[in-house]
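Novice: First to last, the sequence lines map onto chains A and B. Mapping of the first sequence onto the working numbering: residues 53 to 315, in sequence order. Mapping of the second sequence onto the working numbering: residues 172 to 462, in sequence order.
Treat the hints with care, since some could be wrong.
As the list claims (entries may be wrong) - Beta-carbon label-pair distances, calculated as ranges: (1) A:S255 / B:L334: 45 to 51 Å; (2) B:S335 / A:W183: 36 to 42 Å; (3) B:R251 / A:S255: 47 to 53 Å; (4) A:F291 / B:T252: 35 to 41 Å; (5) B:Y312 / A:I180: 43 to 49 Å; (6) A:L293 / B:P452: 32 to 38 Å; (7) B:G279 / A:I180: 56 to 62 Å; (8) A:S255 / B:H360: 30 to 36 Å; (9) A:W183 / B:G279: 25 to 31 Å; (10) B:S335 / A:I180: 24 to 30 Å.
To be verified - Partial selection, computed: residues in chain A whose CB lies under 7 Å from chain B: (11) E134; (12) T138; (13) G140; (14) R149; (15) S153; (16) L154; (17) E158; (18) G163; (19) Y166; (20) Y290; (21) L293.
Keep in mind that the hints were calculated from the coordinates and are not lab data. Ideal placement from N, C-alpha and C gives every residue a C-beta, glycine not left out.
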Amino acid sequence: MSERTDNGGTPLLEVRELTVHHGQLRALDRVSLRVFPGEVYAIIGANGAGKSTLLRTIAGLHQPTDGAILYDGKDMTKVRPERRATGGIVMVPEGRRLFGSLTVEENLKVGATYARKGPWTIERVYEIFAWMKDRRTQRTAQLSGGEQQSVAIGRALVANPRVLLLDELSLGLAPVIVQRIYAMLPQILSTGLTVLLVEQDVSQALRVASHIQCLLEGHTTLEGRPSEVTAEQVEAAYFGLSQAAAEGSEALWHGSTPSSRAS
Amino acid sequence: MAWVNAIIQGILTGGLYALFACGLSLMFGVMKVVNLAHGDLAVIGAYVALGVITVTHIPALWSFVIVVPIMAVLGYGLQRTLIQAALDRGVLITLLVTFGLSVVAESGQQQFINADSHSLGVGESIITGSFSIGSQIQLPYLLLLIFAVAVVVLLGLQYFLSLSRYGRMIRAVADDQEAAQLSGIDYRHVFGIAAAIAFGTVALAGIAYGMYSQFSPTTGTDTILLFAFAAVVIGGLGSLWGTLLGGIVLGVAQQIGAQINQADQVLAGYLVFLLVLALRPQGLTTRRAQS
Numbered sequence: 053m054s055e056r057t058d059n060g061g062t063p064l065l066e067v068r069e070l071t072v073h074h075g076q077l078r079a080l081d082r083v084s085l086r087v088f089p090g091e092v093y094a095i096i097g098a099n100g101a102g103k104s105t106l107l108r109t110i111a112g113l114h115q116p117t118d119g120a121i122l123y124d125g126k127d128m129t130k131v132r133p134e135r136r137a138t139g140g141i142v143m144v145p146e147g148r149r150l151f152g153s154l155t156v157e158e159n160l161k162v163g164a165t166y167a168r169k170g171p172w173t174i175e176r177v178y179e180i181f182a183w184m185k186d187r188r189t190q191r192t193a194q195l196s197g198g199e200q201q202s203v204a205i206g207r208a209l210v211a212n213p214r215v216l217l218l219d220e221l222s223l224g225l226a227p228v229i230v231q232r233i234y235a236m237l238p239q240i241l242s243t244g245l246t247v248l249l250v251e252q253d254v255s256q257a258l259r260v261a262s263h264i265q266c267l268l269e270g271h272t273t274l275e276g277r278p279s280e281v282t283a284e285q286v287e288a289a290y291f292g293l294s295q296a297a298a299e300g301s302e303a304l305w306h307g308s309t310p311s312s313r314a315s
Numbered sequence: 172m173a174w175v176n177a178i179i180q181g182i183l184t185g186g187l188y189a190l191f192a193c194g195l196s197l198m199f200g201v202m203k204v205v206n207l208a209h210g211d212l213a214v215i216g217a218y219v220a221l222g223v224i225t226v227t228h229i230p231a232l233w234s235f236v237i238v239v240p241i242m243a244v245l246g247y248g249l250q251r252t253l254i255q256a257a258l259d260r261g262v263l264i265t266l267l268v269t270f271g272l273s274v275v276a277e278s279g280q281q282q283f284i285n286a287d288s289h290s291l292g293v294g295e296s297i298i299t300g301s302f303s304i305g306s307q308i309q310l311p312y313l314l315l316l317i318f319a320v321a322v323v324v325l326l327g328l329q330y331f332l333s334l335s336r337y338g339r340m341i342r343a344v345a346d347d348q349e350a351a352q353l354s355g356i357d358y359r360h361v362f363g364i365a366a367a368i369a370f371g372t373v374a375l376a377g378i379a380y381g382m383y384s385q386f387s388p389t390t391g392t393d394t395i396l397l398f399a400f401a402a403v404v405i406g407g408l409g410s411l412w413g414t415l416l417g418g419i420v421l422g423v424a425q426q427i428g429a430q431i432n433q434a435d436q437v438l439a440g441y442l443v444f445l446l447v448l449a450l451r452p453q454g455l456t457t458r459r460a461q462s
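Isolated chain B, as found in the complex:
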């Protein structure tokens, strides 16, 4: 029964990891940017949420209404300035620039906030509560909620990309920037839109993580970015639903690892990650984001 519980916990945690991963996957899929600052931006999202909650006293759960738009605007702005300038100089430069961004974000948080751990919404029943099935299986409301949010986000992204005018433009630009320009599309603006969406999901990831666990300035690189990468690679680069599958596989591997030995939780996840890289480097699903 403990094993069943571990697998269920793993699947649910996979929803959180999918939230980590989908923005990373989207930015790579559309503009070929590997955003090394992805995790730090999620932590910034969590700090912004903390600030919003402190000032407005709204429930932690609802902070996304304010934080997501803020992060989306930040995403559009960063894409149109720093990241676009890097892209104009070559894809490799974006690695350096986003790495720099990551360092600046992390040091900035330590400098201007502090290195303490924080968390969001402690004491709110929906965040700390859970219900049990039998004596062994515990289902935290929060993980169920996060999983549902991940599925809704992925469904929403899928519908947006396949049915909306901007979604069509995003796919066209991802296919061929130059041909899109010849159709009158300013790909830099479309990149900005894609980055805004990616940063919006990053904000959700940060808030979710802040409610799920404690965060500090280093959480971005040592947890969120790595798990996001692992989920993306396991699931398959550029595939939206792959990020959910990748997140679930990572989550289950971690929980099973923890079941064997508590200290091996993270290691088990990375072993599966390495296994996928070795045996199926294109990821478990090769479906593309637009299918």
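In isolation and in its complexed conformation, chain A is listed as follows:
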């Protein structure tokens, strides 16, 4: 078992052997993960690796065929998505998914409708995204992609989540905008949030994450701290290219695959 157990005792969010099917297709195959309080846990992987499926299943938008999702020690596998959100698992969905006919402020108000008690308010969101207050009466459809992403993050924050799920923040955004949004992360984390994020942009994920896990075709291929994994390992895990090469070198994966952790 890795050294991560000593930083918080029990995991805040645990996924056990999760298998998810989209029709006949097995999108996730016995994927497990444990996210400890205060961590920034990044799932990386290529298109179709099952990253978003994993996050959406944790949020409750997909039902797994097998496996369990535990939050704060309680089994959430059968809980409806809106109950998970009000319980503290809040997702910023891929593609932002704002309420397009609502204004910026109305989007935030919807996010705050069933908010838990906590540090985040609409005013606080206006403080960290300074432009937002002046444009709060605009429809979100009129905003740029980066601005929409900020509103989507704000809408999730005002619910005062304990676990914030971020699905592909960088998708469709210019690199400089992505940088700016990820630069907000420390401010967000300072309020005691735990973050589980999915990111196609590996360098971005490695920069912000305290723990990474790589998926390939629904399987976990690599897991560890960014400082512990080499670029070659990540590349191999991401593309699945050097499986033949990896066969001969068990050491490369030692202590990082789920099977070895379980043993």
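Given chain A's structure and the hints, the job is docking chain B onto it.
Specialist: Chain B in isolation, oriented as in the chain A frame:
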């Protein structure tokens, strides 16, 4: 002068048609349900009003105080059970289910009530009375009242949707159900609220129609549903004020048709309906319900 009268009558009748249409439009706008039982539910509302009036002897006009809540509860219940179950299986299934509901409602009325025509509040002066401007223009109090009710209902809906917490949730769910769930909103409950409001307006439509004309179990599908559809399509799907405009256009077309030849009244309305479908299929107004 007869033409002016026809146009004024048409505009006022448009208020009635807007009442028919706004519930249909709301249910489509929020949950994408085309409620084929809409007209039959209005007739059920009228029968409930008839029952309430018979039992309590309150004036027909005030029956809405009891009938609207009854229908609203029925709407919430139906939405949370039958219609939601259909929605979970796909939008097309809702067509089959509401069609089935329509058949059941109509046969049920024929079976358990009877196929006779009824009307509400015959003999009450406000319902049968009118006043004249000059010798040609007759303004029935009832049509004026119905038009006013339609405007009040639409204004009320607009304010509710744009300013209240539940209105905001309804708009959010209409935009994106899944994103609403991620914000902790149970969209099935919000759908239930929207259906309750829609059924409340359906009750008003049924009572208004019952006072305006005679109703029987078949009135729902052969008159109310068709006029509601025509008003919604003419005005623009999902637009609240569009239903009023659509209702007025339909009403005026019918009255002008009747002016030309009494037998062409309904036909004229449908011709305009077809014309709008052909030339401007998105409806006369493309404003959305929430604007």
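Novice: Each of the hints needs a verdict: does it hold here or not?
Specialist: Do the hints match the structure? See the list:
no.: 1; hint: A:S255 / B:L334: 45 to 51 Å; result: holds, 46 Å
no.: 2; hint: B:S335 / A:W183: 36 to 42 Å; result: violated, 28 Å
no.: 3; hint: B:R251 / A:S255: 47 to 53 Å; result: holds, 48 Å
no.: 4; hint: A:F291 / B:T252: 35 to 41 Å; result: violated, 50 Å
no.: 5; hint: B:Y312 / A:I180: 43 to 49 Å; result: violated, 59 Å
no.: 6; hint: A:L293 / B:P452: 32 to 38 Å; result: violated, 53 Å
no.: 7; hint: B:G279 / A:I180: 56 to 62 Å; result: holds, 58 Å
no.: 8; hint: A:S255 / B:H360: 30 to 36 Å; result: violated, 43 Å
no.: 9; hint: A:W183 / B:G279: 25 to 31 Å; result: violated, 58 Å
no.: 10; hint: B:S335 / A:I180: 24 to 30 Å; result: holds, 29 Å
no.: 11; hint: E134; result: holds, 5 Å
no.: 12; hint: T138; result: holds, 4 Å
no.: 13; hint: G140; result: violated, 10 Å
no.: 14; hint: R149; result: holds, 4 Å
no.: 15; hint: S153; result: holds, 5 Å
no.: 16; hint: L154; result: holds, 6 Å
no.: 17; hint: E158; result: holds, 6 Å
no.: 18; hint: G163; result: holds, 5 Å
no.: 19; hint: Y166; result: holds, 4 Å
no.: 20; hint: Y290; result: violated, 28 Å
no.: 21; hint: L293; result: violated, 35 Å
Checked against the numbered hints given earlier, the structure breaks hints 2, 4, 5, 6, 8, 9, 13, 20 and 21 and satisfies all the rest.
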